[in-house]
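Enquirer: If you want the building blocks of each chain, they are given just below.
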Amino acid sequence: MKFMLMMNTPSGGEYQIMKWPQQDIQAHIAFMMGFTKKLRAAGELVGAEGLAPPSQAKRVRAGDDAKPITDGVFPEAKEFLAGYWIVDVNTPQRAYEIAAEASAAPGVGGKPMNMAIEVREVMSAPPNPK
Amino acid sequence: MISGPPNPGFEHLLRELTPQVLGAVMRRYRDFAASEDAVQEALIAAAEQWPRDGVPNNPRGWLIQVALRRMTDHVRSEIARRNREFELAQELPVVVAPAIYSEPQMDPEDTLVLLFMCCHPALTSASAVALTLRAVGGLATAEIAKAFLVPEATMAQRISRAKQNVKSSQIPFSLPEADERAERIGSVMHVLYLIFNEGYTASSGDSLQRTDLSVEAMRLTRLLHSALPENCEVTGLLALMLLTDARRAARTNLNGELIPLDEQDRSLWDRQMIEEGTALVTAAMARGPVGEYPLQAAIAALHDEATGVDSTDWPQILALYSVLKGMSGNPMVALNHAVATAMVHGPHAGLALLESIEKDERMSDTHRLDAVRAHLLERADDRDGASACYLAAAEKTTSLPERNYLMMRAARLRDPQP
Chain A
1 MKFMLMMNTP SGGEYQIMKW PQQDIQAHIA FMMGFTKKLR AAGELVGAEG
51 LAPPSQAKRV RAGDDAKPIT DGVFPEAKEF LAGYWIVDVN TPQRAYEIAA
101 EASAAPGVGG KPMNMAIEVR EVMSAPPNPK
Chain B
1 MISGPPNPGF EHLLRELTPQ VLGAVMRRYR DFAASEDAVQ EALIAAAEQW
51 PRDGVPNNPR GWLIQVALRR MTDHVRSEIA RRNREFELAQ ELPVVVAPAI
101 YSEPQMDPED TLVLLFMCCH PALTSASAVA LTLRAVGGLA TAEIAKAFLV
151 PEATMAQRIS RAKQNVKSSQ IPFSLPEADE RAERIGSVMH VLYLIFNEGY
201 TASSGDSLQR TDLSVEAMRL TRLLHSALPE NCEVTGLLAL MLLTDARRAA
251 RTNLNGELIP LDEQDRSLWD RQMIEEGTAL VTAAMARGPV GEYPLQAAIA
301 ALHDEATGVD STDWPQILAL YSVLKGMSGN PMVALNHAVA TAMVHGPHAG
351 LALLESIEKD ERMSDTHRLD AVRAHLLERA DDRDGASACY LAAAEKTTSL
401 PERNYLMMRA ARLRDPQP
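Chains A and B, in that order, give the protein sequences.
Numbering-wise, our numbering puts 90 at position 90 of the first sequence, and it's gapless, one number per residue.
Numbering-wise, our numbering puts 348 at position 348 of the second sequence, and it's gapless, one number per residue.
Everything labelled a hint here was simulated from the structure, so no lab data went into it.
Be careful, since some hints might not be right.
[What the hints assert, rightly or not] Restricting the straight-line Cα-Cα distance to at most 30 Å, the calculated cross-link-like pairs of lysine-lysine (DSS-like) are: (1) A:K38 with A:K19; (2) A:K19 with A:K67; (3) A:K19 with B:K146; (4) A:K67 with A:K2; (5) A:K37 with A:K2; (6) B:K359 with A:K2; (7) A:K2 with A:K19; (8) A:K67 with A:K37; (9) A:K58 with B:K359; (10) B:K325 with B:K359; (11) A:K111 with A:K38; (12) A:K78 with A:K19; (13) A:K78 with A:K67; (14) B:K325 with A:K58; (15) A:K37 with A:K111; (16) A:K37 with B:K146; (17) A:K58 with A:K2; (18) A:K38 with B:K146; (19) A:K67 with B:K325.
Same shape as in the complex, but just chain B (with noise of 0.2 Å):
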């Protein structure tokens, strides 16, 4: 059943399929490894055949289809296999495969349970993030090698780990308890937001090689917020991606280089992004006393607002920052605060909140303290205090565009005045 020539954007269609796929065959076998296997050869089958022969009517059911055959074929090559192992057949367990033509169970809370379960806390961050674009994200090991250079043959290995540790930790293919529910979610937000800060990051240079990880991210996380529309945290993650991922085209010149915020070029945000993230921040925000995704949801949205620099609500964000501040220990935030309060205060009331930060011991490798201090030294007019600052930044960060940028920065404080 053909339904004529393949739709462009089948690949899209093949992505979104994933989960509710995937989420069937686990329905059916509960083994998490095997199943997501079985997913994966269905999508390969499914790029090799839909452009040839056309989209199938019923695209969902085709791939559980050919997953299910698959997974017959890999019990029956189990029963083999341990045939082989043991000598007498009739000790072995009745493993059944079932019909596979019957139309399978679908849960539309499958592709939650599924992203509970690849960020799930006894798993690292680097294999929830692999596992996550896999499993739910529906992207070839080889793509998500590509998105973080490196080589296939090691993505493949963190991925087959990664499957190995669910099993291993027994993580459960169900809904976490009421208990643990929030803080799971907390998990899920924060590997959903650093495959965003991967891409975000990583959005120059060599850009056009890289899957778009902010967009994957960002597609997940709209997944997340139409299973949980009442999470406040989730809503608040959304429009924190958008209204940041809103900047994209205005963060970098075509040298690759970064542009700061005070320097961008506002007329090439994006508005439409812009709009959304707004909306679901400010309707997060009504909603009641929120977290830390909603509170910086809307720290970036008055940003966004904003048509320059000056005309920033800074005292506005000072305020949102001192709730944050009052909410989390990151010294990150203690630093933004304290830029805040050199926007409102002046850049001495800035400086002079950086003491207490410098001492946090978590500060002392990176070198955002030193970039924020060469940055209020800048408006407080001490050029050559601001110019070794930058100097000791960009010794520090391991960021080729961050470092050629602060290392720009001095430069132009060093170089004699025009």
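Okay, chain A solo, but in the shape it has when bound (with noise of 0.2 Å):
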């Protein structure tokens, strides 16, 4: 089963991480780098990108005319996605224990970050267009 690891920040501003010091920036990396290297090794990763930040995003709608109309805005939003993992995994406990590790990614001064990291299970492949 395939499960998508949402990763959030809270809006307004840069990310977090820009405003860290030096040194907690580089292991905050390097865990991540090496999370990802895992999970590829132990052939549960699917695929995993981070996003721009918020501060570049647009929302887009159709106008009347099906022409879009974007807007760069957001000051409802309390939190943007910043990345994910899909992973694939035998049961869903697997893909919470693998959202804990990335919620323990460390900040500043190499502390747990423990934020919260939304868990959803992706549905299965529509029947083969062909």
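Can you join these two chains into the complex? Each is in its own frame, and there are hints to help.
Expert: Structure, rendered in structure tokens:
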């Protein structure tokens, strides 16, 4: 079964990591790279992406003429998606374990961040169009 | 006719032969899309059979025969299809499959013609890149998809649409007319440079899993260069690629973090590539007035020859950027010109030049202006200003290694001084 693990970041301003001391940034990046590598080596990783910061985000809607209408400020949003992993595992418990490991990524002073990771099961593939 | 065990390098041989084989098939059938499919099938057959049975004595002839046989099958099934579609068989146009065992006609210019086709301005650059890698580079769709990190089905669709465009735009299988030749060579060079840059900027992180696009771009540019040895721009492009790629091993550390030019371990630079690139650019420059690629290459050569950032010939680099700036309205050139100015006349002279670049609308979305301003402010000892600009640049870049680099730069300036 596949799960999407979503890492959210508080809205407003840049990613928190941008203001951290140098060695904490370094430790966090090293952790994230090692984490993804480990998932891949275990054969559990389907995909992972980090997203550019919310300051570049646009919200798009089709107007009456079907042309895109974009706006770029979302004052009502509390959180933004910062990145995700998709893992293929045997049980939901394994997905939760992986999420917990990501959640404990080192933050300022090397302390675990314990950030909330949203875990959602991915629905199975639609019938093959062929 | 088998010549012993397969050469471990036979995959290179296959890719080298791809444009020649495709050219020979095209010469017979003129149908680019179907010929290209037939050649891909021949390549797959070779990849299966050669390791088992050995490389044939005449590998090119083998591939051409297999591809032509596939084409014959294709033509036969087309006839059958038309037979089904038209009620009266006698109304069919006569399509005769040619004999396939005669030695097909070869033309040394086939590779060039194919490059012109695949890099035709009627195609989007993403299509041209994919088509060039497959039809001229001999890469399989799966390999191209992997290199661009997209699903194979997506890449297959992109390639098939590109081939459809070649057909509907009626792009001919021939060399362009003399009056549009320079422009068409420009399109080919642009596509090759895009392929090179894709490989170069992605040369960190999971690079080991990616087909090496920079190496492929250099191989294709070599092909173009050997077809057009007198063309200074092509010579310059090849030199630029060599002189840039020579620094690859020094560009990132083990964690995939970017290392800027002034902090790179220059003993890791590839001397052989630097020598070859320098010789090429020297030859191109000696032949008279040159365009952007040789000038960029000449600048890269000056960096590569220097033992350190302080011993770099910045006045000469500044002079070259001034020529380039006069030649193109590209704001990125203006930005590099400002950096060179700062290296010769001090950071404040460089910062002053940034004011006018800032007004260029094309610069509003890029992080590079902020990154350069940050560097210059750091050189001018404005730590707070530099740190803020590094952060602004980190916010805007979409390259992860670059974002990490910029973020660390900002953090270094923010942290208390040791």
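Enquirer: For each hint, tell me whether it holds in the structure or not.
Expert: Against the structure, the hints:
1. A:K38 with A:K19: Within the cut-off at roughly 27 Å; holds.
2. A:K19 with A:K67: violated (38 Å)
3. A:K19 with B:K146: violated (35 Å)
4. A:K67 with A:K2: With a Cα-Cα distance of about 35 Å, the restraint between K67 (chain A) and K2 (chain A) is violated, given a limit of 30 Å.
5. A:K37 with A:K2: holds (18 Å)
6. B:K359 with A:K2: violated (48 Å)
7. A:K2 with A:K19: violated (34 Å)
8. A:K67 with A:K37: violated (41 Å)
9. A:K58 with B:K359: holds (23 Å)
10. B:K325 with B:K359: holds (16 Å)
11. A:K111 with A:K38: Holds, at about 21 Å.
12. A:K78 with A:K19: With a Cα-Cα distance of about 20 Å, the restraint between K78 (chain A) and K19 (chain A) holds, given a limit of 30 Å.
13. A:K78 with A:K67: holds (28 Å)
14. B:K325 with A:K58: Roughly 34 Å between the alpha carbons, so the hint for K325 (chain B) and K58 (chain A) is violated.
15. A:K37 with A:K111: holds (22 Å)
16. A:K37 with B:K146: holds (17 Å)
17. A:K58 with A:K2: holds (28 Å)
18. A:K38 with B:K146: holds (20 Å)
19. A:K67 with B:K325: Violated, at roughly 38 Å.
Hints 2, 3, 4, 6, 7, 8, 14 and 19, counting from the list given before, are not met by this structure.
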